[in-house]
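This is what each chain is made of:
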Amino acid sequence: MTTMQSDPRVLVGTRKGLFTLSGSTDRRRWTLGEPEFLGHIIHHAVVDPRDGETVLVAAKTGHLGPTVFRSCDQGRTWSEATRPPAFRAGDPLGRAVRSVFWLTPGPVDEPGSWYAGASPQGLFRTDDGGDTWEPVDGWNDHPSWGEWAEWPDVEGTPDGSMLHSVNVDPRDPDHLYIGLSGGGVFESTDGGSDWAPLNAGCAADFLPDPDVAYGHDPHCVRVHPADPDRLYMQNHCGIYRLDRPGTRWTRIGDNMPRDVGDIGFPVELHPRDRDTAWVFPMDGTDVWPRTCPDGRPAVYRTRDGGDSWEQQCVGLPERGWLTVKRQAMTTDAAEPVGVYFGTTSGEVWGSADEGGSWACLASHLPEIYSVEVAGTP
Amino acid sequence: MRVRIPTPLRSYTGGEANVTATGTTVADVLADLDRQFPGLRFRVVDEQGRLRDHMTVWLDGERCRDLTTSLDALDELVLMQALSGG
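Here the protein sequences come in this chain order: A and B.
In terms of the numbering used here, the first sequence opens at residue 1 and continues consecutively.
In terms of the numbering used here, the second sequence opens at residue 1 and continues consecutively.
These are calculated hints, taken from the structure and not from any lab test.
A hint or two may mislead.
Quick partial rundown of chain B residues pointing at chain A, CB under 7 angstroms, derived from the structure [claimed, not checked]:
| no. | residue |
| --- | --- |
| 1 | P8 |
| 2 | G15 |
| 3 | H54 |
Selected chain A positions facing chain B (Cβ under 7 angstroms, derived; list incomplete) [unchecked claim]:
| no. | residue |
| --- | --- |
| 4 | H63 |
| 5 | L64 |
| 6 | G65 |
| 7 | D73 |
| 8 | T77 |
| 9 | A86 |
| 10 | F87 |
| 11 | P92 |
| 12 | G94 |
| 13 | A96 |
Derived CB-CB ranges, DEER-like [to be verified]:
| no. | chain 1 | residue 1 | chain 2 | residue 2 | range |
| --- | --- | --- | --- | --- | --- |
| 14 | B | T20 | A | G33 | 32 to 42 angstroms |
| 15 | A | V314 | B | R35 | 51 to 61 angstroms |
| 16 | B | M1 | A | R319 | 54 to 64 angstroms |
| 17 | A | E110 | B | D66 | 42 to 52 angstroms |
| 18 | B | P38 | A | E310 | 46 to 56 angstroms |
| 19 | A | S363 | B | T20 | 43 to 53 angstroms |
| 20 | A | D294 | B | T7 | 39 to 49 angstroms |
| 21 | A | P317 | B | M1 | 15 to 25 angstroms |
| 22 | B | T20 | A | T31 | 42 to 52 angstroms |
Treat the numbers as computed from the prediction; the structure is a model and nothing was measured.
The beta carbon of each residue, even a glycine, is placed where N, CA and C say it ideally should be.
If we strip away everything but chain A, and leave its shape as in the complex, we get (with noise of 0.2 angstroms):
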């Protein structure tokens, strides 16, 4: 049977601007509203989903510096933030934020709390709903910072280096997990005061010493909101999986069709069953087209914590040479699990029966660059 408390919506963040669907409470009918912020680049949107009203927009555009817009009606009305992530003023490496690329709201019994990261790769956190942000000291002014996060960095990934993939334990809202491209995984047990690399196991082909501490570049980090000892990474290098307490990732994307490689950018997780992941992998080979492996989109699925991989592609296009970023693929909490995805080709699919079929929602919409479920189904 399938459950939904409310009529789903999923916001879509793109390069010029926000899009709105709104789903029928069955999942089958989309309804694509106008944009907001239009011409404005919008790296990330996400609602909180501790109150299901307050909505975060991480904005930019291409001549304006970056902010943060803020909503406490569902989108409704919106304020920007009174004062935006940024660096401390006289920072000793004269940063300032470019972008802010990545939100998660923060731990449940902390309402307000939020967590941004930024590019350069900057981490910082508001505790009144996304109005005012400070910087996470502990991190950004780590001695090892600059040797983590490859400053200056002129030789960062193709957008600029950013933090991503910031994860807080919902068991210990000290224990925080983030993701540096290019840089690896860092972990922090207390609330961000130090920090440790993790990324033993992980490949870094792109380095002269491929068994290094830091220096990977992960592209995408999920904790299991059920069980939060396990973590999926999608990685430049491979899908992986971390089982703590331990410290070295597996790489599960070995067990993927040889032709199709294990290469992406989302990793996105079943809510309920841990062993359950979605991958939407991408052509790393020669050049790195970063497109659709043989330009034939599909999606892959594991049931069984990436032993085994499925391919899901019922309904969508047989040829088509797009991708999808690390924020543009997320689940909801139905069930069964509804998946979504949207393409740099400016298409929103999703799949009411946890990948089994595809249905296109929206299209003809600029390059997506998130993808993220509204409200607490």
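Once you have looked at the hints, place chain B on chain A.
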């Protein structure tokens, strides 16, 4: 002095293309603009006090990137966005 506001910043000025601000340097004027139109300055100047890459200030027809520049004898500051984006 009069300050010309480019279209990307007019959401802060209530749609006004021309506003008035006071100050003896470019930085002073930007600070006064932020008092009148909260949030405007951070979209133009980063947290280290540097003019953002794709914003420009024009004084008497000359491009200016030094925010300590004195505004003596000038009666207009022009804020513009650079030709960039896409």
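Do the hints match the structure? See the list:
no., hint, in the structure
1, P8, "5 angstroms, holds"
2, G15, "16 angstroms, violated"
3, H54, "4 angstroms, holds"
4, H63, "4 angstroms, holds"
5, L64, "4 angstroms, holds"
6, G65, "5 angstroms, holds"
7, D73, "19 angstroms, violated"
8, T77, "14 angstroms, violated"
9, A86, "4 angstroms, holds"
10, F87, "6 angstroms, holds"
11, P92, "11 angstroms, violated"
12, G94, "6 angstroms, holds"
13, A96, "4 angstroms, holds"
14, T20(B) <-> G33(A): 32 to 42 angstroms, "38 angstroms, holds"
15, V314(A) <-> R35(B): 51 to 61 angstroms, "58 angstroms, holds"
16, M1(B) <-> R319(A): 54 to 64 angstroms, "59 angstroms, holds"
17, E110(A) <-> D66(B): 42 to 52 angstroms, "43 angstroms, holds"
18, P38(B) <-> E310(A): 46 to 56 angstroms, "53 angstroms, holds"
19, S363(A) <-> T20(B): 43 to 53 angstroms, "47 angstroms, holds"
20, D294(A) <-> T7(B): 39 to 49 angstroms, "44 angstroms, holds"
21, P317(A) <-> M1(B): 15 to 25 angstroms, "57 angstroms, violated"
22, T20(B) <-> T31(A): 42 to 52 angstroms, "45 angstroms, holds"
When each numbered hint is compared with the structure, violations occur for hints 2, 7, 8, 11 and 21.
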